[in-house]
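A.B. asks: Sequence:
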Amino acid sequence: MAEDKKEAKAIEYVDFAPPADVIEDNAGIKLVLDVPGSCSECLDIDVEDRVLKITACTSIVRCDKTVRYKRSFQISDQIAANKIKAKVIDGILTLDLPKTEHAKVHKVKIQTD
Numbered sequence: 004m005a006e007d008k009k010e011a012k013a014i015e016y017v018d019f020a021p022p023a024d025v026i027e028d029n030a031g032i033k034l035v036l037d038v039p040g041s042c043s044e045c046l047d048i049d050v051e052d053r054v055l056k057i058t059a060c061t062s063i064v065r066c067d068k069t070v071r072y073k074r075s076f077q078i079s080d081q082i083a084a085n086k087i088k089a090k091v092i093d094g095i096l097t098l099d100l101p102k103t104e105h106a107k108v109h110k111v112k113i114q115t116d
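The sequence shown begins at 4 in our numbering and counts up one residue at a time.
Read the hints as simulated data drawn from the structure, not as lab findings. By construction, the Cβ of each residue, glycine as well, lies at the ideal position given by its N, Cα and C atoms. It is possible that part of the hints are untrue.
DSSO-like cross-link-like pairs, simulated, lysine-lysine; straight-line CA separation at most 30 Å [as the list claims (entries may be wrong)]:
hint	residue 1	residue 2
1	Lys110	Lys68
2	Lys88	Lys56
3	Lys86	Lys112
4	Lys73	Lys90
5	Lys56	Lys33
6	Lys56	Lys110
7	Lys86	Lys102
8	Lys68	Lys56
9	Lys102	Lys112
10	Lys86	Lys110
11	Lys102	Lys33
12	Lys68	Lys112
13	Lys33	Lys73
14	Lys56	Lys102
15	Lys110	Lys88
Pair ranges (Cβ atoms, derived) [to be verified]:
hint	residue 1	residue 2	range
16	Asp99	Val64	23 to 33 Å
17	Arg65	His109	43 to 53 Å
18	Asp24	Arg65	18 to 28 Å
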C-alpha cells in the first residue's frame, strides 16, 4: 500500500542588505532602513559585542526563495546599547541609538571675576 506523504519543503532565503540612512546629532544616532514586507513580529534586532544585528523576514518571494533582510552595524562604546529603541511603520524601520551621558556635548559655563 502506497502512502501519500507530502514532504515539508525547507524555506530557502535570499538575503538582502537594506539601504540605510544614518543621522547623527548630539543626542545620538538615528538609523532608518527600508524593510518592505516586514512587520514587528518578523524583525529580530540584537546587540552583541558592540555589533547591532538586524534581521527581518518577509512574505516576499523572489525566484522561489523568501526575501530576508540582514544588516549589521558596528557601534561605539559611546552608544547606550541597552537604551536602543526601534519601531517599524509601513516597511520603514527606525532605530534610535542614544549616546551615553559622557559622550554628549556639554556646555561649559565661563565665570568672570
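A.B. asks: The structure should be examined with respect to each hint, and the outcome stated for every one.
C.D. replies: Here's how the hints hold up against the structure:
1. Distance check on the hinted pair: Lys110 and Lys68 sit about 53 Å apart at the alpha-carbon level, beyond 30 Å; violated.
2. Pair hint Lys88 plus Lys56 holds up; C-alpha atoms about 13 Å apart against a cutoff of 30 Å.
3. As the CA atoms of Lys86 and Lys112 are separated by approximately 29 Å, the hinted pair is consistent with the 30 Å bound.
4. A threshold of 30 Å between alpha carbons decides the hint, and for Lys73 with Lys90 the separation of about 16 Å falls inside it, so the pair holds.
5. The straight-line distance between the Cα atoms of Lys56 and Lys33 is roughly 15 Å, inside the 30 Å bound, and the hint therefore holds.
6. Pair hint Lys56 plus Lys110 does not hold up; C-alpha atoms about 34 Å apart against a cutoff of 30 Å.
7. Between Lys86 and Lys102 the CA atoms are separated by roughly 9 Å; this keeps the pair inside 30 Å, and the hint holds.
8. Proximity of Lys68 to Lys56 is assessed by CA-CA distance (about 22 Å); at most 30 Å being required, the pair is judged to hold.
9. As the CA atoms of Lys102 and Lys112 are separated by approximately 22 Å, the hinted pair is consistent with the 30 Å bound.
10. A distance of roughly 24 Å separates the Cα atoms of Lys86 and Lys110; the hinted pair therefore holds under the 30 Å criterion.
11. Of the pairs offered as hints, the one joining Lys102 and Lys33 holds, with about 11 Å between alpha carbons and a cut-off of 30 Å not exceeded.
12. Distance check on the hinted pair: Lys68 and Lys112 sit about 60 Å apart at the alpha-carbon level, beyond 30 Å; violated.
13. Taking the CA atoms of Lys33 and Lys73, the gap is about 18 Å. The hint holds against a cut of 30 Å.
14. For the hint pairing Lys56 with Lys102, the CA-to-CA distance comes to about 18 Å; that is within 30 Å, so the pair holds.
15. Restraint check for Lys110 and Lys88: satisfied, since their Cα atoms lie roughly 26 Å apart, inside the 30 Å limit.
16. At about 32 Å, the CB distance of Asp99 to Val64 agrees with the hint of 23 to 33 Å.
17. Checked against the given bound of 43 to 53 Å, the beta carbons of Arg65 and His109, roughly 49 Å apart, stay inside it.
18. In this structure, Asp24 and Arg65 meet the distance hint of 18 to 28 Å, their C-beta atoms being roughly 24 Å apart.
Checked against the numbered hints given earlier, the structure breaks hints 1, 6 and 12 and satisfies all the rest.
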